[in-house]
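Chemist: Each chain is listed here by its residues.
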Amino acid sequence: MLHLLGVNLPDQKLVQYALPLFYGIGQKTALKVLATLSIHKTCKIADLSEPQVNQLSTLLSDMKIESDLRKQIRANIMHHRSIGSYVGRRHAMGLPVRGQNTRNNAKTARRLNGRWLKAEKREYSSSTRSIIPSTDSPFESFFNRKWF
Amino acid sequence: MAHRFLASTPLLRTSLSLTARARAAVPAQYANYVTASAVVMAGGKAKKAAPKVKAQSNSFRKKKAADDDKGESGSGGATRLNEKYYKPSIPVKVEEFLPSTATKEHVGQVLGFPSTVVPALAQTAYPTLLNEQFELIKPAALVVRDSTVSFLEKVDEAMKTPSAQSRIVLTGEAGSGKSALLLQTVSHCLSAGWIVIYVPKATSWMNSSFAYNKVANTTSFVQPLLASNLVGQIQNVNKSILDKITTSETATVGRHEVEKGTKLSALLEVGVKDQFAAQDVMEVFMKEIGAQKDIPTLVAVDEVNSFFRPTQYLSQDGKELDPEHLKLSKLFLNYISGKSTFKHGAIVAATSDTLLANKSEVLDVALGVKEVSPYKRLSQTILPWTQGLTSVEVPNYTREEAKGVFDYYKKANIFFDAASEPLFLNKFITSNGNPRKFFTACAKGI
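For the record, the sequence lines run as chains D and W. Residue numbers for the first sequence follow full-length UniProt numbering, so the first one is 1 and each next one is one higher. Residue numbers for the second sequence follow full-length UniProt numbering, so the first one is 1 and each next one is one higher.
The shape of chain D in the complex, shown without the other chains (with noise of 0.2 Å):
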């Protein structure tokens, strides 16, 4: 079990299969930085040599993944959500945002849209120091505001 960056890379598990549990990488990024280290398709996390790992660690630190992305995704979300967007509103909502139809079929975004905000809302609240208002929930800050 080889541990890189925060993340367990089992050893029997092919190196591009397993560079796409870094949240980040995917298939097609994989590839590339297996081009760039000259390792071949068939090569098994248990082969690769030390250098071969250090330069993949070079390599992957380089790169935005994991907590650096997903504060960066985060971060996206809260900006529109602090300018008061109608993209910041229905992330906020759950709802979705690239204006397709609600009345039927809005089922991945009601499961997927509101969670960054969560994730936001549970890191501010759990802070001594909140700068933004909390609000209860969405309808009600919806609601509260004045629109004139």
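None of these hints come from the bench; they were simulated from the model. Do not rely on the hints blindly, as some may be mistaken.
Stated by the list, open to error - Derived SDA-like pairs (lysine to any residue); straight-line CA-CA distance at most 25 Å: (1) W/Lys403 / W/His106; (2) D/Lys44 / W/Asn213; (3) W/Lys319 / D/Pro51.
Based on these hints, arrange chain W on the given structure of chain D.
Modeler: Just chain W now, kept in the frame of chain D:
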């Protein structure tokens, strides 16, 4: 076939597991064969007593079913034959395939590889689908065909000429006997005392299964482990002959110095022990054997189509590498294309139709096997390597050859039905004389 029995018998409602029911549903005439794999499995279980020392990781704990396949080979193990399809055979006594017996009088006879050649052939695996036939009927033997006799005459003529003049590619439809003819050529040359470099699966060089490293300041890549394996195989196959040849000058191979007058077998030993020197060892070795005239060299490459298409390795830009960018493949390509030559020797290659993905259109067009539209763009980097190759087509069995093979199968007792003239005609006509189809028709009854 099993499901018909399951539906019609009360076995369906028993508490037996599926595999047990399937086993019970096998017809009586097949049920009592003591198969080779059953004997092997019984022996294998005795060895499993020792406990595993290594701690097992959670993610790959294998689930062991209680009623696991015991006597059934299933899909596991490419070399184990499925006893439901094949009837276990009796070993057949065959004469040896020697230069003296590979003649017109013996056409249609099945001759086995000589005892001196078998250990050499065991260094590398047999071609995959041929191996199936050799696994079924032991010892490994091939029929002498008209094409064998004429081709071996051609190879013997090449004994005294440079290899650049004899670069032959065996072509033909799938299963027509190209790899078999190549094996017979290898056996013939080993018996005749040539230096033989036999590559049974060139695809494994190009399909990204070996580690590769970039050579600094060049666009080339080295495959150290592959080179080391190849060096070891060549050494084991040609040990006695290579003791007679010595290097003509000092050479630097990797971190080692090889002095003038070192035996070639000692040179190869350096490559076996240090895989990072193996590529240099191969280059020096090929140059040395090419420079001497006493012993001719045969380079036999199967699945040569993988030399003429992009490999599955990636450059640092993410583009697929051509075989010329891999140093070991380039070394062989030089000899195949005639850029480098042995003073005495021949290059014989066989294409393989096994995997559609490995076909090389460039090679097929260059050999005249396939015609494409003149507007079709062929790879201009690969096309130059195909100049000057001669194509030899391997036909299907003639009736005489097929009869000889049929008699051999009859002696080996692999037929489920009684072997007779009508059965032979049936198999020969339905398979159109194609050797592979003829074998599956005879052995599996399909």
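Chemist: Each hint needs a verdict: does it hold in this structure or not?
Modeler: Hint by hint, here is what the structure shows:
| no. | hint | verdict |
| --- | --- | --- |
| 1 | W/Lys403 / W/His106 | 13 Å, holds |
| 2 | D/Lys44 / W/Asn213 | 16 Å, holds |
| 3 | W/Lys319 / D/Pro51 | 24 Å, holds |
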